[in-house]
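Protein sequence lines, in the order shown, are assigned to chains A and B.
Take the first sequence: its position 46, counting from 1, is numbered 46 in my numbering, and each next residue is one higher.
Take the second sequence: its position 8, counting from 1, is numbered 8 in my numbering, and each next residue is one higher.
The set of hints was computed from the structure by calculation and includes no laboratory data.
Warning: the hint list may mix true and false statements.
[Stated by the list, open to error] Across the chosen pairs, the derived CB separations fall in these ranges:
| no. | chain 1 | residue 1 | chain 2 | residue 2 | range |
| --- | --- | --- | --- | --- | --- |
| 1 | B | PRO83 | A | GLU41 | 38 to 44 Å |
| 2 | A | ALA78 | B | LEU80 | 46 to 52 Å |
| 3 | A | THR68 | B | THR5 | 38 to 44 Å |
By construction, the Cβ of each residue, glycine as well, lies at the ideal position given by its N, Cα and C atoms.
So the chains spell out like this:
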Amino acid sequence: GQQLNQSPQSMFIQEGEDVSMNCTSSSIFNTWLWYKQDPGEGPVLLIALYKAGELTSNGRLTAQFGITRKDSFLNISASIPSDVGIYFCAGRVEVQGAQKLVFGQGTRLTINP
Amino acid sequence: NAGVTQTPKFRILKIGQSMTLQCAQDMNHNYMYWYRQDPGMGLKLIYYSVGAGITDKGEVPNGYNVSRSTTEDFPLRLELAAPSQTSVYFCAGRQGGRNEQFFGPGTRLTVL
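Next comes chain A alone, as it looks inside the complex (with noise of 0.2 Å):
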């Protein structure tokens, strides 16, 4: 089946620095996703892109869908401690007619204050 890799696996950093993390595939997708979850909860959507090339930015969050649509990227900015959590990189495929998510395995990030 389809599978992403998602580095880093988990990321111990500074309060107020940039965190950047990718997702690759050997499969191509037509929408990348990516996804925060907090501890106990559901994830939560953060940035969805649908063009390969296109760079999107949700507050301090960008996300870059890649040009063979194989792989993205997600870059915090000056992190604050509401940042933790884990993050899921997520590639959409289309079957007939339903839409399915294929999940990387998350980065878990730790803020040090």
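Chain A is fixed; fit chain B onto it per the hints.
Below, chain B alone, put in the same frame as chain A:
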């Protein structure tokens, strides 16, 4: 709107027991999904539904069953619980024509 709700939040089962994980949404979602999340892993799709009366298997359907008798509800059934089904289960819903899946808060299931 309550969004996507899941019950129970936690459950411990013995091997061989059965249970139903409940999922309900009041956001008029045509599409609903069940995922499991194992420690340190991303979410894997178990089953999905494109509308009332229509369900289909996802990536890891073995050991599970679903039904979609109404648009609002999408219960997940475990008939013979096994330790390999210890996981956190998330239900999600999506409106047709929209891209975002809205996730419930999850059910943490332990099978001993």
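Consistency of the hints with the structure:
1. B:PRO83 with A:GLU41: 38 to 44 Å: violated, 25 Å
2. A:ALA78 with B:LEU80: 46 to 52 Å: holds, 51 Å
3. A:THR68 with B:THR5: 38 to 44 Å: holds, 39 Å
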